[in-house]
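J.: The hints should help you fit chain V onto chain U, whose structure is shown.
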Amino acid sequence: MEKWPWTAVVVLLALTVRWAVSLHSYSGAGKPPLFGDYEAQRHWQEVTVNLPLRQWYFNSSENDLQYWGLDYPPLTAYHSLLCAFVAERINPAWVALHTSRGHESPAHKLFMRTTVLVADVMIYIPAVVLYCCCLKEISTKKKVANALCILLYPGLILIDHGHFQYNSVSLGFALWGVLGVSCDWDLLGSLAFCLALNYKQMELYHSLPFFCFLLGKCFQKGLKGKGLGLLLKLVGTVVASFALCWLPFFSEREQTLQVVRRLFPVERGLFEARGSVLVTGSSQAPRREGSGRAGGGPIRSCRFSS
Amino acid sequence: MWLNWLKTSGTTAMAALGTVKGSSNWFSALALGVTLLKCLLIPTYHSTDFEVHRNWLAITHSLPLSQWYYEATSEWTLDYPPFFAWFEYVLSHVAKYFDQEMLKVHNLNYFNSTTLLFQRFSVIFTDVLFVYAVRECCKCIDGRKASKDLTEKPQFILSVLLLWNFGLLIVDHIHFQYNGFLSGIMLLSIARIFQKRHIEGAFLFAVLLHFKHIYVYVAPAYGIYLLRSYCFTASKPDGSVRWNSFSFIRVISLGLIVFLVSALSLGPFLALNQLPQVFSRLFPFKRGLCHAYWAPNFWALYNSVDKVLSVIGLELKLLDPNKIPKASMTSGLVQQFEHTVLPSVTPWATVICTLIAILPSVFCLWFKPQGPRGFLRCLILCALSSFMFGWHVHEKAILLAILPMSLLSVEKAGDASVFLILTTTGHYSLFPLLFTTPELPIKILLMLLFTIYSISSLMTLFRKERPLFNWMETFYLLGLGPLEVCCEFVFPLTSWKLKYPFIPLLLTSGYCAVGVTYAWCRLYASMLTGPPVGKTKKR
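These protein sequence lines map, in sequence, to chains U and V.
Here the numbering used here is used: position 100 in the first sequence is 100, and no number is missing along the way.
Here the numbering used here is used: position 456 in the second sequence is 762, and no number is missing along the way.
Incorrect hints may appear among the rest.
To be verified - Distance condition first, Cα-Cα at most 30 Å in a straight line; then the derived DSSO-like pairs of lysine-lysine: (1) K770/V to K454/V; (2) K674/V to K445/V; (3) K454/V to K141/U; (4) K674/V to K542/V; (5) K141/U to K459/V; (6) K459/V to K445/V; (7) K502/V to K718/V; (8) K542/V to K718/V; (9) K454/V to K718/V; (10) K109/U to K803/V; (11) K613/V to K805/V; (12) K141/U to K445/V; (13) K770/V to K142/U; (14) K803/V to K613/V; (15) K502/V to K454/V; (16) K454/V to K136/U; (17) K3/U to K142/U; (18) K718/V to K445/V; (19) K459/V to K136/U; (20) K3/U to K459/V; (21) K31/U to K109/U; (22) K141/U to K770/V; (23) K445/V to K142/U; (24) K142/U to K459/V; (25) K3/U to K445/V; (26) K3/U to K454/V; (27) K233/U to K136/U; (28) K803/V to K623/V; (29) K141/U to K3/U; (30) K221/U to K136/U; (31) K674/V to K718/V; (32) K770/V to K459/V; (33) K445/V to K770/V; (34) K136/U to K226/U; (35) K233/U to K221/U; (36) K142/U to K454/V; (37) K770/V to K3/U; (38) K623/V to K805/V; (39) K3/U to K718/V; (40) K141/U to K718/V.
Don't read these hints as lab results, they were simulated from the structure.
Only chain V is shown next, with the shape it has when bound in the complex:
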């Protein structure tokens, strides 16, 4: 079978070259090319998420609705909102033509080549929604300043940055998840907002929330923007709100959409009195502050400082060894832990920190609206702030900020610079997800491919403006190379591997946390100092 895929990929590449001269088939070539690459990645390593989704196929297919959120035969219980459960239900009706055995709940860890083929193809196929969303986003980009060369057009660069995004490729098509089509819905709703089709944008976002509730991170951006720039139909010349332009019809229509979507999603469970159970599955706060591998956020830096201080304290005999909690945050288990020196962090503390972090951007969106681009900037900041301060954040959540930011990166040099720093460090922080040896060349090659392309194309696009990086940023990004060599090649050969196995993970998340925090600060600065839309030239 792979014989045919490869033959097609070769001929497609040649076809792509033939059409790259100026027709509009370059987009199809890019989309087809990456799809064929995804097909080649079918036999790669997959994580436990593969069994998670197989289990959900089984649950939704074999059991009635009333048991979906109660079923606990497998440890991978259903913890996504109802629309995703319905999505798995629809998939299961295709799966039954592949292999009926995978749809049996008690077939834990059921695996064979047919199951693998079906699951992988389901991810590849649903990515078509992502491809469509990218096409729509390209229409929202201002390409007037672009040169005649196709490869220097912002639309082309944006398409490559999104379609061939490294993070999405390895998380979806190797690790195994369905972020492609979900990101597609988000990008599509952003595109609709840009195109002033606010109702569609709101509808798509409401649907998205009921597919994966992690997108609630960016809900404040939608809420405030729609209220400020859609429900209030006009602004005063200085940018502040004109209170008498409030449109009740618009508010009601938005509210109706959100209500109807939520009713469709949660209604059946409300009728069965299962809402508390559903919510307990969706928001399991019993998990620890950090995932087994720390996402490169503020808490990673906090933990590192705590660890360093406790080691120093023990050495200088300032701390009593008996009083230190036995379980360590670095032992790799997902439980609740306490900090040693610095104050322990509770879920509510993280919620408050997150709210404080997103407030300035949300205020900016209200008091100094910058149009759809301001909305996008606020969305990215909400996603990034939630990543920085959230409870039990997964490193994959960085994609929530990286993908929308691609749209900003092809329009302004300052945004391109921040995007490159965020993307490179964010993508590098995903490396520990793929820890098997056969996948090592793939992750390094794909990372180099994406990084070299993104940096060189954006540098070419903005070559008439100031350089994208200063010397400090250049050194930091170049430092990722030696870090990878140390963690992946040198460290396993040292004697520390057995005694301190967590050191590579600690170094990776700590180093990347610095870059992510820096990008967050720069993005905030650009939002707070940007001019309001009334004072900028009309696009």
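Just chain U, same shape as in the assembly:
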């Protein structure tokens, strides 16, 4: 079994299935006034391209946080800005401040779906292919089979290319992180994972294993010798990557705090409108629609990715 033709076939099949799914409907299609995650992403493009950075996370007359306010870390905001630049070149009506609210058209859907596919192709798929190729002591057939399994996983395809989200970016970065630390490129691995964390705060779920593994590596090398050097370099990498992403928001203390408040809205209560099935299923507490949030709020879709 030849490796590269089969890998190409697997990747092409994965891309075909992804695009075929994206031809179907997205969350909140044709459902005013709030629509769904698709509208949320479009709205973030509108906010980031029209407003100055210091207003992105603040409530104002220009930026109504109750209508899909930004609540992901800065890297998501920068990604939205990049997409918005392209969108503005193609059709400014897609991201015009206020007037583009609820904008739905076949051309716009094509554009949005393309952004998800591009992100997938650039970040997630290469990580998966490289990961499977680097697996040791298994045959080529099993490597290709692993790649096929991972790339055809329905959960990610449905959420990213159907419902509409960009989980492949954060998951892809996290996988690059795994690759990095497995191949002894610890600094690159931790940089990749920091990028994942700065894209979606949900990656905190994966942060403890990363932390413990890297700390364990430092201890193994001896904290009085090479281990200390590695520890310092890792700390430096993490601090530098966070600083790079958050630098524009360090200008004022209030900016930084507001972003943290948006990322971790502890005043919202335990459950979102459609929260984690595991949590709601195991607990006896009734599901509360957006309770605990001052003045109510938009109903958010499930925020837990695979």
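T.: Positioned in the frame of chain U, the structure of chain V alone reads:
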């Protein structure tokens, strides 16, 4: 709903991997996988053929038999033989549980999601006959030389080449047609001929002819083979016919089958004195030499040369601009046109050209029989020759040659090489069928998927023999990439788009016509130079 389909597809892929190690479930996995992909393609673009079939459902459901071939409320009149009309009649009785409104004749262009679901599922469901036929064809393949690796077995490669055929996927499940089950009947009849079950093979082909009369292209292969190798029960050692071995019983039984099938199909219309009307619907010669988009055949090259010569003639003032016919073959309309410089082509001229083109292969089948494989080769050549020289050929007709040729491609390196050239250019020539932007990634991805798989798997299968392509063929096939980029991405941004909108179509059909013609010539050479069956080793 698509939620469930996708969840199943994911788990199926995983199940497929688990069973790929050596059990016989790989075939089911391939079939199921492609079926789930077809389900995902349900909301894609569909052509006017969708309305054609909805109209036929309405006609056969709402009107009595006597009006089926006279009904003309819609421009898409019934122009397939009676068995297909009966097929639509049966479908319509399932359709009535989905949406009754689609069965009303006056509901022209009636469309909603229920209608779409029903029509798409009817194509997907009837494909089960194609899946069965592929399974039967796999049994006819000689797999003794195969390696232990499942993916290098000829049966596996053939199954993928047929079940996941790019042309069939996009023509049936996007553009919208019913070629799947019809090709299934053809492949099944070929398989029966291979299995020496000639009566069944003849019966299936007779039935097929009355489903879609385009298959009359390959009727000479069936006729001559059955006469030569079935009705004459023995041959002399040098391969020529032994005249005294003629079996009257066999001839009569074949004739009886054809007669009974035709009687079942055309009998009711004969009784109603409607045969001339039926035939006028089936063979509308008022249409032009070429379809609006030229199929990549000989006439495409002929038209291109004519166009080039007329442009040169006008520039050099050798032609009078007033004498040139106003209507151009490239304006995209389906009418009758004349050529400017080269002689005009009439329907009869194409019939004669086609007959001349198929004669050598048919003669070869009679005088130098090569068994069922010779029959298959002749069938493919008949289909390809009719494609090359036929009147008003659709580019989709290339599938008639590509699908049977898959069977030959997994057995000999030379056939694999010709198959790959024919398939790649033939499939690329189908690109203009899907011209909408959302379908652009699908057609490119599926084409790359099929092409990369077919080339790499056949190269692996025949790696111990000579390389499959020489440098010229490699360059030609690689040239399809830049051609696609130019036609699809670069050209729309140029100023020529408004003035000469037909240029991408002209380039596509011209470039592909070269490849198809080359494949035709090589296939002919292989048939005429192949040894007769008496001199080859017994399989």
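J.: Compare the structure with each hint and give your call.
T.: Structure-based check of each hint:
Between K770/V and K454/V the CA atoms are separated by roughly 16 Å; this keeps the pair inside 30 Å, and the hint holds. In summary, the hint linking K674/V to K445/V is supported, as the alpha carbons are separated by about 26 Å, within the 30 Å threshold. With a CA separation close to 13 Å, the supplied pair K454/V and K141/U stays within the 30 Å bound. Annotation: proposed proximity of K674/V to K542/V holds, straight-line Cα distance about 11 Å (limit 30 Å).
In summary, the hint linking K141/U to K459/V is supported, as the alpha carbons are separated by about 15 Å, within the 30 Å threshold. A distance of roughly 12 Å separates the Cα atoms of K459/V and K445/V; the hinted pair therefore holds under the 30 Å criterion. For the hint pairing K502/V with K718/V, the CA-to-CA distance comes to about 22 Å; that is within 30 Å, so the pair holds. Taking the CA atoms of K542/V and K718/V, the gap is about 27 Å. The hint holds against a cut of 30 Å.
Taking the CA atoms of K454/V and K718/V, the gap is about 19 Å. The hint holds against a cut of 30 Å. For the given pair, K109/U sits about 25 Å from K803/V by alpha-carbon distance, which is consistent with the 30 Å threshold. For the suggested pair K613/V and K805/V, the alpha carbons sit about 16 Å apart, so the restraint of at most 30 Å is met. The suggested pairing of K141/U with K445/V holds, with an alpha-carbon distance near 25 Å, which does not exceed 30 Å.
Simply put, K770/V and K142/U have alpha-carbon atoms about 25 Å apart, close enough for the 30 Å limit, and the pair holds. Restraint check for K803/V and K613/V: satisfied, since their Cα atoms lie roughly 19 Å apart, inside the 30 Å limit. The straight-line distance between the Cα atoms of K502/V and K454/V is roughly 29 Å, inside the 30 Å bound, and the hint therefore holds. Simply put, K454/V and K136/U have alpha-carbon atoms about 23 Å apart, close enough for the 30 Å limit, and the pair holds.
For the hint pairing K3/U with K142/U, the CA-to-CA distance comes to about 11 Å; that is within 30 Å, so the pair holds. Proposed proximity of K718/V and K445/V is supported: the alpha carbons are some 17 Å apart, at most 30 Å. For the proposed pair K459/V and K136/U, the alpha carbon gap of about 27 Å is at most 30 Å, so the pair holds. Simply put, K3/U and K459/V have alpha-carbon atoms about 17 Å apart, close enough for the 30 Å limit, and the pair holds.
This hinted pair checks out: K31/U and K109/U have alpha carbons roughly 15 Å apart, not beyond 30 Å. Note on K141/U and K770/V: the hinted pairing holds, with a Cα-Cα distance of about 21 Å set against a maximum of 30 Å. Annotation: proposed proximity of K445/V to K142/U holds, straight-line Cα distance about 28 Å (limit 30 Å). Restraint check for K142/U and K459/V: the C-alpha separation of about 18 Å stays at or below 30 Å, so the hint holds.
Simply put, K3/U and K445/V have alpha-carbon atoms about 28 Å apart, close enough for the 30 Å limit, and the pair holds. Pair hint K3/U plus K454/V holds up; C-alpha atoms about 17 Å apart against a cutoff of 30 Å. With a C-alpha separation of about 28 Å, the suggested pairing of K233/U with K136/U holds against the 30 Å cut-off. Annotation: proposed proximity of K803/V to K623/V holds, straight-line Cα distance about 27 Å (limit 30 Å).
Pair hint K141/U plus K3/U holds up; C-alpha atoms about 8 Å apart against a cutoff of 30 Å. Of the supplied pair hints, the one linking K221/U and K136/U holds, its CA atoms being roughly 24 Å apart against a limit of 30 Å. Pair hint K674/V plus K718/V holds up; C-alpha atoms about 19 Å apart against a cutoff of 30 Å. For the suggested pair K770/V and K459/V, the alpha carbons sit about 15 Å apart, so the restraint of at most 30 Å is met.
A threshold of 30 Å between alpha carbons decides the hint, and for K445/V with K770/V the separation of about 24 Å falls inside it, so the pair holds. About 27 Å separates the Cα atoms of K136/U and K226/U, which keeps this hinted pair within 30 Å; it holds. This hinted pair checks out: K233/U and K221/U have alpha carbons roughly 14 Å apart, not beyond 30 Å. Restraint check: the Cα-Cα separation between K142/U and K454/V comes to about 16 Å, which is no more than 30 Å; the hinted pair holds.
In summary, the hint linking K770/V to K3/U is supported, as the alpha carbons are separated by about 18 Å, within the 30 Å threshold. At most 30 Å may separate the alpha-carbon atoms for a hinted pair to count; K623/V and K805/V meet this at roughly 22 Å. As the CA atoms of K3/U and K718/V are separated by approximately 24 Å, the hinted pair is consistent with the 30 Å bound. Straight-line distance between C-alpha atoms of K141/U and K718/V comes to about 26 Å, which keeps the hinted pair within the 30 Å bound.
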